[in-house]
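Produce the entire structure from the sequences given, and follow the hints as far as they go.
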Amino acid sequence: MRDRGSTWLAELQDVSFRYGTRQILDGVTLRFQRGRVTAIMGPSGTGKTTLLRLIGGQIHADRGRVQVAGRDVARLSRAQLFELRKRMGMLFQSGALFTGLSVYDNVAFPLREHTALPEAMIRDLVLMKLQAVGLRGARHLMPNQLSGGMARRVALARAIALDPMMIMYDEPFTGLDPITLGVIMKLIRKLNDTLGLTSIVVSHDVQEVTAIADYVYLLSGGRVVGEGRPAELLGSSSGWVRQFMHGLPDGPVPFHYPAPDYGADLLDGARESA
Amino acid sequence: MMSSLQRLGRMTLRFFARLGRGNLFMLRVLAGMPSVLPRFRLLVAQVYHVGFLSLPIIVVASLNVGMVLGLQMYNTLVDFDAESALGPVVALSLVRELGPVVAALLFAGRAGSALTAEIGLMKATEQLSGMEMMAVDPVRRIVAPRLLAGIFALPLLAILFSAVGIGGGYFVGVGLLGVDEGAFWSQMQDKVDWREDVLNGIIKSAVFGVVVTWIAVFEGYEAEPTAEGVSQATTRSVVFSSLAVLGLDFVLTAFMFGEP
Chain A
0 MRDRGSTWLA ELQDVSFRYG TRQILDGVTL RFQRGRVTAI MGPSGTGKTT
50 LLRLIGGQIH ADRGRVQVAG RDVARLSRAQ LFELRKRMGM LFQSGALFTG
100 LSVYDNVAFP LREHTALPEA MIRDLVLMKL QAVGLRGARH LMPNQLSGGM
150 ARRVALARAI ALDPMMIMYD EPFTGLDPIT LGVIMKLIRK LNDTLGLTSI
200 VVSHDVQEVT AIADYVYLLS GGRVVGEGRP AELLGSSSGW VRQFMHGLPD
250 GPVPFHYPAP DYGADLLDGA RESA
Chain Z
0 MMSSLQRLGR MTLRFFARLG RGNLFMLRVL AGMPSVLPRF RLLVAQVYHV
50 GFLSLPIIVV ASLNVGMVLG LQMYNTLVDF DAESALGPVV ALSLVRELGP
100 VVAALLFAGR AGSALTAEIG LMKATEQLSG MEMMAVDPVR RIVAPRLLAG
150 IFALPLLAIL FSAVGIGGGY FVGVGLLGVD EGAFWSQMQD KVDWREDVLN
200 GIIKSAVFGV VVTWIAVFEG YEAEPTAEGV SQATTRSVVF SSLAVLGLDF
250 VLTAFMFGEP
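Note that the protein sequences, when read in sequence, are chains A and Z.
Per numbering that gives the first Met the number 0, the very first residue in the first sequence carries number 0; after that it's consecutive.
Per numbering that gives the first Met the number 0, the very first residue in the second sequence carries number 0; after that it's consecutive.
What the hints contain is simulated information worked out from the structure, not anything from laboratory work.
Built from N, CA and C at the ideal position, the CB exists for glycine as well.
Take these hints with a grain of salt, some might be off.
[As the list claims (entries may be wrong)] Chain A is faced by these chain Z residues, among others (derived, beta-carbon under 7 Å): (1) Thr124; (2) Glu125; (3) Met133; (4) Ala134; (5) Ser185.
Structure (structure tokens):
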């Protein structure tokens with residue numbers, strides 16, 4: 000299944016999306032190479048998560064085309080879309096573990112839903128996936144007994160339960176302590192390389208992304224404002240790219256929210272109260 | 000004047016839009032029903048949650064309602080020397096009205112609110128979205144078994160409500176106030192008709208079961224995916240389903256017992 004088609008597993012061509020009156024994406028073109036970790040970075044609220052939902056077919060673009068494994072996601076029937084989704088894993092920021100099920104049952108969930116495997120084999124598979132994320136010993140715990148990082152690792156084990164061709168990470172680095180952060184970074188890279196996955200990482204954490212990504216797209220205001228390998232972006236001459244990649248407080252994105260002249264503003268206040 | 004008219008219009012439109020969405024949602028759930036039947040254990044778990052866990056409140060409430068009914072009716076009937084009619088009066092009130100209606104109201108508060116909160120929370124914590132991304136339809140996997148369980152559980156709870164309520168009326172009337180035991184039961188047997196009274200009461204509670212559970216799962220599924228949104232949805236679920244039960248009760252009563 001994996002070796003069919005071009006070098007690009009997923010492609011977005013000139014995609015626009017608006018939510019109500021707000022233009023979230025405005026003519027975005029992205030390509031995701033097979034076997035690589037591709038990151039989408041940008042400030043909060045630039046439609047990064049929207050991109051993942053478009054690729055997963057949960058929402059459809061107003062304009063442009065979203066292709067996954069050579070198929071136009073918007074044109075698939077519900078059954079075909081579900082077939083495609085069985086080959087995609089998605090890791091939500093919150094983990095989205097089923098609160099009523101134990102760690103073991105969470106990881107077993109997709110296997111039980113989509114395969115007719117005997118319970119003994121499901122057990123082996125679940126333990127293998129949990130072993131891969133280092134939580135085989137935590138299989139009897141309930142989600143509310145897990146720390147944030149552990150929950151994300153269990154969710155990762157669940158996402159790879161059906162051996163997908165692709166996995167999408169929504170802000171995988173947010174709110175983790177340094178050790179857990181290192182574990183998650185290592186896992187994303189390791190799973191990508193050992194399982195032959197294609198990974199898409201949505202994040203605004205520059206350091207982590209530059210450490211593990213093969214290719215990076217920078218998004219701002221619903222457009223692609225920069226792309227390239229991490230090293231290229233770090234050395235970019237573009238003002239915006241530099242500001243974002245190095246986390247500079249001032250630059251093309253101003254420190255100040257648009258406001259009238261400071262001095263005049265203060266004097267106005269003095270005049271009003273006089 | 001104009002603005003209040005506009006507001007009325009807007010509210011009406013919004014109400015019907017919501018009703019329409021609710022109906023479409025119900026169609027989706029019904030389409031998902033056949034996939035529930037082979038997964039019997041899912042259904043059993045839900046019947047336990049909405050039905051069995053509602054038992055304490057149903058039993059306690061019905062016992063009290065029955066006892067109050069026995070006391071009040073006795074006080075009135077005794078003025079006409081008709082206290083031997085206590086049996087049928089208590090039984091008819093419970094079987095026709097109080098059983099289905101009060102059980103449905105309690106069910107809306109206990110099980111309906113829990114369903115709304117559970118589904119709303121699953122939505123707020125991306126569990127439903129995650130399920131969709133795992134190629135599992137949450138309407139089939141989560142909503143359909145819950146709806147079916149509610150439809151199945153409420154009639155049973157209503158029957159239990161009436162039975163325990165009659166027991167409470169018996170305890171007060173015969174046990175405490177000295178109504179003749181033979182008259183209590185034989186008059187009841189004589190005046191309560193199986194088809195006309197008992198069956199109609201069960202039909203009522205089945206309708207309420209559909210409506211209350213439908214509103215509960217719909218409100219949960221439509222909830223704004225935030226903590227505040229879920230709490231609002233839970234409130235709406237209880238308010239709307241209680242009003243729907245009371246409104247429908249009148250309509251059903253008019254149809255069932257209306258003609259002379």
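Against the structure, the hints:
no., hint, result
1, Thr124, "holds (6 Å)"
2, Glu125, "holds (4 Å)"
3, Met133, "holds (5 Å)"
4, Ala134, "holds (4 Å)"
5, Ser185, "violated (50 Å)"
Checked against the numbered hints above, the structure breaks only hint 5 and satisfies the rest.
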